[in-house]
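Asks: First to last, the sequence lines map onto chains A and B. 309 is the number that the numbering used here gives the last residue of the first sequence; the numbers go up by one with no jumps. 309 is the number that the numbering used here gives the last residue of the second sequence; the numbers go up by one with no jumps.
Read the hints as simulated data drawn from the structure, not as lab findings. In this text, all values refer to a predicted model and were calculated from it rather than measured experimentally. Mixed in with the good hints there might be a few duds.
Same chains, same names: a pair is fine if it fits in one copy or spans any two.
[As the list claims (entries may be wrong)] Under the rule of at most 30 Å between Cα atoms (straight-line distance), these lysine-lysine pairs were calculated in the BS3-like manner:
{"hint": "1", "residue 1": "Lys187", "residue 2": "Lys240"}
{"hint": "2", "residue 1": "Lys178", "residue 2": "Lys240"}
{"hint": "3", "residue 1": "Lys199", "residue 2": "Lys232"}
{"hint": "4", "residue 1": "Lys221", "residue 2": "Lys178"}
{"hint": "5", "residue 1": "Lys178", "residue 2": "Lys226"}
{"hint": "6", "residue 1": "Lys199", "residue 2": "Lys187"}
Number of protein chains: 2
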Amino acid sequence: MSDEFKIFPVGVIRKTDTAVRIDIAEKYAEALLGLEGFSHIVVLYWFHKNDTPKDRKILKVHPRANPKNPLTGVFATHSPKRPNLIAISICEITSIEGNIIYIDRIDALDGTPVIDIKCYIPSTRPNTNIRVPDWIS
Amino acid sequence: MSDEFKIFPVGVIRKTDTAVRIDIAEKYAEALLGLEGFSHIVVLYWFHKNDTPKDRKILKVHPRANPKNPLTGVFATHSPKRPNLIAISICEITSIEGNIIYIDRIDALDGTPVIDIKCYIPSTRPNTNIRVPDWIS
């Protein structure tokens with residue numbers, strides 16, 4: 173198996189006082205064709221502030237940076253410190269103008285690199301028999 | 173902004189006649205601490221068979237490889253051909269044994285590189301006002 177894969181940013185998150193938007197790079201603009209048929213998207217982005225060898229070696233954290241939460245492996249969390257710095261958010265599309273997607277909100281910094289967009293399809297998985305630990309609330 | 177990020181595989185999907193499992197590399201095994209508190213995981217993996225410059229330039233597809241579906245930008249699909257070859261599946265954990273996560277099923281080939289695991293937390297987003305185009309069914 174390859175021991176390394178390459179990710180190229182396809183856009184950037186921009187936050188202003190009045191709007192939250194995803195600016196898709198011109199070279200990827202065609203990949204938005206048909207997105208207007210969806211109300212929601214899955215946004216994958218890169219925790220670029222943590223892209224250091226040291227932070228990428230962190231394997232255990234106190235979830236939500238709360239020391240009262242038990243020390244937990246990063247694969248059992250959504251921690252922004254993890255070996256591969258991929259974040260996932262589901263966002264509502266407000267409008268699409270050319271290569272810019274306006275969204276309702278996203279818990280990411282202005283300037284965050286976007287690495288993929290996928291259409292959001294509601295899960296057919298029943299929300300039953302799903303178990304989470306006590307620190308999730 | 174950096175024009176490239178590096179992803180390191182953290183494990184591999186293994187399928188046998190009797191089981192589907194994710195073998196996490198020993199060096200990342202500690203990142204599984206506490207995962208047993210969850211019934212489901214979000215598995216991020218890499219469409220490694222499509223990791224060619226040609227396939228990564230594909231920006232439009234007929235969804236589900238069905239020519240009857242309208243030509244659609246890959247960001248409006250879950251196509252395995254896309255600029256960054258990240259796939260997402262939600263899987264039920266059957267058991268965890270050391271650094272091996274047994275799961276119910278995953279729509280991925282044996283030998284597929286796994287690039288991240290996140291705990292699955294049921295969405296609090298109401299499944300209302302979600303709109304998808306006709307080709308989703």
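Asks: Look at each hint and say if it fits the structure.
Replies: A quick look at each hint next to the structure:
1. With identical chains, the CA atoms of Lys187 and Lys240 are never at most 30 Å apart, being 32 Å at best within one copy and 38 Å at best between copies.
2. In the homo-oligomer, the alpha carbons of Lys178 and Lys240 never lie at most 30 Å apart, since the shortest distance is 37 Å inside one protomer and 33 Å across protomers.
3. Proximity of Lys199 to Lys232 under the C-alpha cut-off of 30 Å is restricted to the inter-copy arrangement: shortest distance 13 Å between copies versus 38 Å within a copy.
4. Taking the closest pair of Cα atoms, Lys221 and Lys178 come within 30 Å of each other both inside a single copy (18 Å) and across two copies (14 Å).
5. For the homomeric pair Lys178 and Lys226, the shortest alpha-carbon distances inside one copy (19 Å) and between copies (14 Å) are both at most 30 Å.
6. With identical chains, the CA atoms of Lys199 and Lys187 are at most 30 Å apart within one copy only, with a shortest distance of 22 Å there and 37 Å across copies.
Consistency with the previously given hints fails for numbers 1, 2, ordered from lowest to highest.
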